[in-house]
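This is what each chain is made of:
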Amino acid sequence: MSVLLQQLANGVVQGALIALIALGYTMVYGIIQLINFAHGEVFMVSSYGGLATFTLLPDDLKKSPAVALPLMFLGGIVIAVIVAVIMERFAYRPLRNAPRLAPLITALGVSVFLQEAVRVWYPNATSNLPYPKVFPEGSLSLGPINVPWTGVLLVVLSVGLSVILQTYINQSRMGRAMRATAQDPDTAKLMGVNPDRVIVLTFIIGAALAGVAGVMFGGYLNNINIDMGFQNGIFAFTAAVLGGVGSIRGAVIGAFIIGLIKTLAGQYMPGGTQYDYVWIFVVLILVLVFRPQGLFGEPERVRA
Amino acid sequence: MSTSTVSTPSVSSSAEQRSTLAPLGKPFAAVGGVLGIVAALLPWVTFALKDGNWPDKSTLQFFDAPFSLTGFRWHVLLLGVFILVAAFAPVPSKGRVVRALGWGLAVVSFINGAYITVKGGGLGAITAIDGDFAFGSIVGLVGGVLAILAGYGIGIAPVGVWKTKVSTPVAYLVLLVSFAAVLYAVAAMLTTGGVGSSNPYAGAIFLSFLGFAGGVLAALSGVGYVRWISALSEQHRVFSVIVLLVCALALPFTDAGNEYWMTVAANIGIYAATAIGLNIVVGLAGLLDLGYVAFMGIGAVMAANFSGAAAANFGITLPFPVAAVVSAVVAGIFGAIVGSPTLRVRGDYLAIVTLAFGEIFTRSAQNNIGGLTNGSNAIPGIPPLSLFGAEFNKSFSIGAVKLPAGVLYYVLIVLLVAAVMTVFANLKFSRIGRAWIAIREDEDAARAMGIRTGKVKILAFLIGATLAGLAGAVFAHKNGTVSYESFKFLESVTLLAAVILGGMGSIPGAVLGAALLFVLPEKLRDFEDYRLMIFGLALILIMRFRPVGLIPDAHRRAEMIERADENAEEAHVEAKKA
Amino acid sequence: MRKHSVKSAAIVGAALLVLAACGSNKNESSGNNGGSCDTSKGTLTVGVVAPLSGNLSALGIGIKQSAELAVDEANKKCTVKGYKLTVSAQDDEANPAKGAQAATKLSTDPNVIGVVGTLNSSVAQTVQPILRDKKIPQVSPANTNPTLTRGNDFLTAPKRQFDNYFRVCTTDDLQGPYAANYLVEKAGKKKIAIITDGKTYGEGLAAELSKQVAKKGGTIVGSEKVGEKDTDFSGVISKIKALAPEAVYYGGEYPVAGPLSKQMASAGLNVPLMGGDGIFDGKFIELGGKEGDLATSVGAPTESLATAKAFVDAYKAKFGKEDYAAYGAFSYDAANAIIGALAATLNGGDWAEGKREDMLTNVGKYSGSGATGEVKFDQYGDSTNKVLTVYQVTSGKWKDVQTGTFSG
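Residue numbers (the numbering used here), protein chains in the order written: chain S, 239 to 542; chain B, 32 to 609; chain Y, 398 to 805.
Treat the hints as calculated values from the structure; they're not laboratory data. Glycine included, every Cβ here is placed at the ideal spot set by N, Cα and C. It is possible that some hints are incorrect.
Claimed, not checked - Okay, derived cross-link-like pairs now, SDA-like style, lysine to any residue, Cα gap no bigger than 25 Å in a straight line:
id, chain 1, residue 1, chain 2, residue 2
1, B, K81, Y, C434
2, S, K371, Y, Q789
3, Y, K588, S, L242
4, Y, K713, B, E559
5, Y, K626, S, P361
6, B, K425, Y, D560
7, Y, K587, S, V241
8, Y, K715, B, L80
9, S, K371, Y, K794
10, Y, K531, B, I429
11, Y, K556, B, T348
12, Y, K531, B, V442
13, B, K81, Y, K438
14, B, K425, Y, R529
15, Y, K718, S, D297
16, Y, K438, B, L80
17, Y, K626, B, E559
18, Y, K794, S, E375
19, B, K425, Y, G751
20, Y, K626, S, F373
21, B, K425, Y, E750
22, Y, K752, B, N289
23, B, K81, Y, F716
24, Y, K796, S, P368
25, Y, K531, B, A341
26, Y, K752, Y, T483
27, Y, K626, S, D465
28, Y, K556, B, G346
29, Y, K613, Y, Y579
30, Y, K687, S, P303
31, Y, K588, S, G510
32, Y, K687, S, S379
To be verified - Here chain B is said to cover these stretches of chain S; the calculated rule only asks that three of the stretch's residues, wherever they fall, bring their Cβ under 8 Å from a Cβ of chain B:
id, stretch
33, 341-348
34, 514-523
Generate coordinates for the entire structure from the input sequences, incorporating the hints supplied.
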């Protein structure tokens, strides 16, 4: 029983991380029907951005978490946003009217490029890098469950930010413009919405969330590597699909489900942790085949 | 489709260029050509570089011995002469030709100049230092740029059209000579810069050669020669295929006929065969498969287990042809299984399903699923092939000619590629092929026209996977070991890059793509660390500027460019070169 | 306008031609200088096959640069009379097919007298036969899979597999059991959980360890796998924790082991983590390795070896950084074994194809004292250096706690 509870807690923390990334996938897909394959790499880059910010801080600031931590988040988010904006402007925008295969292949290229760029140009990025110890230490113990404080923070941030995002999209003017563009870009344009601005903003919001996730990832797990983007990106994508691509609520719930599948399958399914990824992929395939619109999505529109 | 939005600005700017440059066309070409010749005669480097002298006696040495120009200086001289000839002789589509040659000259000069500058540690190496001067690369570059501008000045007319009604013997002769020239060029390309690490400048020599060959080829294409040849070979299809096959089989007799290049060529062949299989799925049916290399892996694992290696997991040993067929069939069955979600899943989602399948394969293989793959220990010691008493990994003699080791693998793989190409070509022009293309264009319309899309799509996966499985079986014996590490996601990306680079749906394109992706890293050791990064960048740039690939499939080409005019297409080529 | 341009073009062209004609006609100077040694007989090459690009490039580059250091020193000391030595490093991308290509490239070069490599055992499997056919000695700094030298039945019926294959590192069937003895007998940990990364190295170590643990009366309470690129191990740790192990043995390398140890502690699983030489690295502690964690490593502790310190200093002097990685010192020793054997083979004479057989014999007979201790090969090509040391993390540093040889 205690194992089950502990694994549930682990799953929730992993789900919280995946949720932050999945939001970026789901928003971009909702608006321009692009699987931004490189979004996982934006998350990875932001993690290195946060680390680089810390490395560049003067020594006395490094010692005070109250200053260093917000700066690291800022650094991570800024880097993620810059990368995402450049990516949108130069890789995806020119292909907006191209056959659908083209942007997907481009996204693949961006993904490989970003990963390699970090490996080659970030000092010592060929191996895992330790993350600075500026995050709250210790862990929360609730009976048999033991969750590090960083994990708790991750869950709080993830849920909080998704609620804020949901509210923003539902109630702000820009949010309305986003929804309008997602539904019908041409009509939205006629109504005075600038689609380019909406799309860039979507990328920026997605990247900022990935930036938070990137820095929290380092804080929670104490180490980062260049492959983290690909792996977690796939999980996040699966979560977005599971929840119904385009749905904010769906992405978050899907992410928690994926987190739980990973830990529970590792614990209870045959093959154990060796096959926990396989189960996630199996779920992905099953969802795509039997309920392609996901748990909360609308049936896929037919697009020419 | 995409092209109209992309290229509108370039069209207008090239039109402007033409108007201001028009009167300067021929003079620029003349100066450019002369500068090319001069550049060949000038020294290129001002001092002996640390890693040894720059090739072709270009360090502080003028052209002092007639007829002894070699290597890139010879190429620069040729390009200069060609530019002059093209500018003043009655050549069809003069502007294109001059421009192409100009690009060749500029690229060769730039590459040599840039390498020398970097290796020499400063611009002093290609200008003047300590009273010595060497302006070769700068003069060549200026000449090249002038010739490019001259090309625009003269005007970019449509590609020349040649009479295609020639008598059969003449056509045969022309084809024979042309394909032999291709063979020579391929052999020269492989051997240029030398084998191994003996030459520290191998990368520069190779790139420079590529610049020269590319310039000349583009010029020939501009004149209309390439189109003419392809029209002739279309007319005499059987003859061309035979000649091409003979040329490919003749490669071992050229300078490239050593063990190393035979190994590389065989590896290229294996990946080319796989890439052609992928091309059926991606290029013809328009279904993006991101886990394709798994089918090759399945084929390889099957063949390895039937090979009689000590580590094989099946108690029985099958002769290679049987094992190959079994591997192909098993891979094909998996292909059909993986393809079955296509009944319900479309487009991007399907790509993700295939990616998930690929990951499942790697994971399972790593964990030695069912005791089939030996997990991380791999299946080593797979015996080399031997047929009719000839062991494939040993050297081999025909009469007095001793051929290098690995040549039999090369021959086997050339035949394999030829067979796969035949399958592909026949499918492409068959009912099924047309159905695939229809699905690629518009699945709903295809269905409305009575195509049973589900069945046809699964067939695409099945055939693609079968070919990959066959290639995997050869791969297992060629390399002697099968490890899950050879079949990871990045390999799938590499294969996809090969298909896209060469041109989706194009048969020679897949072969060219696979060849480039294998030969370039071999040659460009200087950029070793950047290999994958350049891959990624290449995917982005190709999608942006030339989505049809290097050798576009005729149908695909028509469809991608239909709305843009000829100039817009030129702008693509242009931007890609830049 | 147009005429004018042609004329001016002609003038410029002519002027340039004249300019070209007036220049001094210098001959090329030879830029070659081989130092103070006699290098009149030419150049011989030590090949390196290792992953120089991709994820494992840090290890591969460490191997390459350490071999370069050995060759450099040999050139300075004129170890091989009459010849200049160079290194030709080929990238295998950690891919067996590319490894075969790299090996073929080296084997067709008549100047290659030996090859240092590979990193991955799976790549070694394709490289071995290619180099054997050309009688080129291969000395691996990093392959620990016992089957490479002694075949599938390496414990019961060892049989030499390739007469050209040697290695300076130890094999899993020594290191694993040695660790098992320490854990069960010395540290008194009877219940041991195993985590591996699924790669040859870690799997081999863990398999050999489990056998020995059972022999000594301990039990393996559970066995789990993590991906080599994973970063979050909470699932695995919770699973293991429920089994209440007294120690965790990790088969793999430090990039995973460090974070794993740290996450174990924060999940409340406060037992030591032990690993092989793959985790014996300062980075392990940096990445979260905690006090009390253990590692085995080959040879006696570095501080007691002057040669090891000399290697580290020389490497730092040449490359500026200490990035020789896990297998640098082994690679240095491997290159030196090849160079030493070459010197013995030539003995002042000329290199010839016919000497390849002698070369193999001489590598087999080589004996020297290297950066990892004594370098010598047994009848299978394995290192005879069977001294192993157990280290423990003590106040943020690895400290040796036991040195000895494995004896059942």
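Next item on the list: Starting from the hint list further up, note which numbers the structure goes against and sort them upward.
Entry: none
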